[in-house]
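If you read the sequences in order, they're chains X and E.
Each residue of the first sequence is one higher than the one before, counting from 45 in our numbering.
Each residue of the second sequence is one higher than the one before, counting from 2 in our numbering.
Rather than coming from a laboratory, the hints here were simulated on the basis of the structure.
It is possible that part of the hints are untrue.
As the list claims (entries may be wrong) - Examples of chain E residues toward chain X, derived with CB under 8 Å: (1) Ala70; (2) Pro74; (3) Ser137; (4) Asp152; (5) Thr159.
By construction, the Cβ of each residue, glycine as well, lies at the ideal position given by its N, Cα and C atoms.
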Amino acid sequence: MRAEAGISHVPAGPRPMALQARGLEVRLGPGGRVCALKGLDLTVHEGERVAVVGANGSGKSTLLRALHGLLPLQRGDVLRGPGRQAMLFQRPYLLRLSALNNVRVGLWLQGLAWRATHEPAWQALERVGLAALAHRNGRALSGGQQQRLALARAWALRPAVWLLDEPTASLDPHAKREVETLMAEFAAEPGTTLLFSSHNLGQVKRLASRVLYLEGGQLLADLPVHRFFNDHALAATCPPAWAFLQGETA
Amino acid sequence: MNTFSDSVSTAVGLVLSMDPGLWAVVGRSLAVSATACLLACAVGLSVGAWLGVARFRGRGAVITVLNAALAVPSVVVGLVVYLVLSRSGPLGFLGWLFSFQAMVLAQTLLVLPVAIALTRQAVEDVDRQHGEQLASLGARVGWRGALLAWDERYALLTVVITVFGRAIAEVGAVMIVGGNIDGFTRVMTTAIALETSKGDLPMALGLGIVLMAVVLLLNALVSLLRRWRERVDTAPVHAGAMGWSA
Chain X
45 MRAEAGISHV PAGPRPMALQ ARGLEVRLGP GGRVCALKGL DLTVHEGERV
95 AVVGANGSGK STLLRALHGL LPLQRGDVLR GPGRQAMLFQ RPYLLRLSAL
145 NNVRVGLWLQ GLAWRATHEP AWQALERVGL AALAHRNGRA LSGGQQQRLA
195 LARAWALRPA VWLLDEPTAS LDPHAKREVE TLMAEFAAEP GTTLLFSSHN
245 LGQVKRLASR VLYLEGGQLL ADLPVHRFFN DHALAATCPP AWAFLQGETA
Chain E
2 MNTFSDSVST AVGLVLSMDP GLWAVVGRSL AVSATACLLA CAVGLSVGAW
52 LGVARFRGRG AVITVLNAAL AVPSVVVGLV VYLVLSRSGP LGFLGWLFSF
102 QAMVLAQTLL VLPVAIALTR QAVEDVDRQH GEQLASLGAR VGWRGALLAW
152 DERYALLTVV ITVFGRAIAE VGAVMIVGGN IDGFTRVMTT AIALETSKGD
202 LPMALGLGIV LMAVVLLLNA LVSLLRRWRE RVDTAPVHAG AMGWSA
């Protein structure tokens, strides 16, 4: 289903498409009884920074997982632009290996020879400020360091599209700031597209250029970030999004 | 009670005096079960890890059959192996009946479902939680299973111990396919059964003590290994250690 009438879609612009979902329907649970995404249409262009917001169970994580090809689609399809795609999760899964080897495994799974993974893995650790902890077991790192390690593992793949599922939700304020700074830096790299879900509206304001509001697996609003937060017409055009905003900012 | 305490003291004496008859049986028993455990784990851990992450039509039926195989009595396995290895059986030409190889084969078949089922469960549990993160990195089913099994290797040590424990403690299959031939196919469990029926309780108890000691020792080793790894995992890894063990 398209965003409801009256809600402006972000103009496509001249930039090439990075990611497109057409009529996306995803069913979850035993026998696919729960319809987690209901015919969702979405186009994200290269260089966009898109935040996905909504209450718990609204379909944010499902959307990101479906866009990354981790869920079977009941209907619809996902088209990807050129370049790699990387996904980050709220709680990163790190192998019982050193930080360096965790990054190397990510590269190796992409088809790089093990020997050739050393240099790019080091670069990635340096990029996120974890080079000093390269030989420490990934599981022994703090929550913030683990998330930065997961960012390094993804960054090493040089993704064109980042999908981040509440990447700072379980972090303390300091770690949250560190991860958010890295996200902003990665998003600023030329040709990079960012799509992230978050409950942190401050973070959405700081990072996003466009906001998608989901409810019950439907895309109810798709607006530039300044309009989503400042346009009082939202109360009339999309009451659920308005109510969500009032609730979150109360 | 006197008979029991006398038997225990005589058994301890036999163990401590390094009785050659007793230790020959112990050595054979360990060799048969360790070989069976090695073979079953080599196949079982791989198949179990794959089954833990693979999704295919009929998977539920495969798992049901596998779980049912856990409860197959060892004498039934022994009987099947006996028929297969008997002179008129399909593998009769090997001439393995009443030999070390026959006992290894029977024990391997007996414990293989244990290795597969327990590994499958361990890997499936962790795959359910984290498998999609590995998939998001590009790990296909085979590699995902292998990586998760590797990552859960300390949990899988318990599977190996369970497999060994089941192998070394079974009596029915080795009795049927080994024949309990003195100095040739007699192992601890068949010897215990025989000595008990003969009334030689000290020898039976001595073997029982050794059997318990072996199992206890293995469990203690695994426990120590786990504690050591937990300490290593939370400490900095040596700068030179770049391999998979890091």
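Original post:
Is the hint on Ala70 (chain E) kept, meaning its closest Cβ partner in chain X is under 8 Å away?
Top reply: Violated: closest Cβ of chain X sits about 27 Å from Ala70 (chain E), beyond 8 Å.
**OP:** Against chain X, run the beta carbon of Asp152 (chain E) and see if the smallest gap drops under 8 Å.
**Re:** Interface hint status for Asp152 (chain E): holds (5 Å vs cutoff 8 Å).
Subject >> Per-residue hint verdict: Pro74 (chain E), partner chain X, C-beta under 8 Å >> reply: violated (35 Å)
Subject >> Supplied contact hint for Thr159 (chain E), tested at 8 Å Cβ to chain X >> reply: Since chain X brings no Cβ nearer than about 16 Å to Thr159 (chain E), farther than 8 Å, the hint is violated.
**OP:** Would you settle whether the hint for Ser137 (chain E) is holds or violated, based on the nearest Cβ-Cβ distance to chain X being less than 8 Å?
**Re:** holds (4 Å)
Comparing the model with each numbered hint stated earlier shows that hints 1, 2, 5 do not hold.
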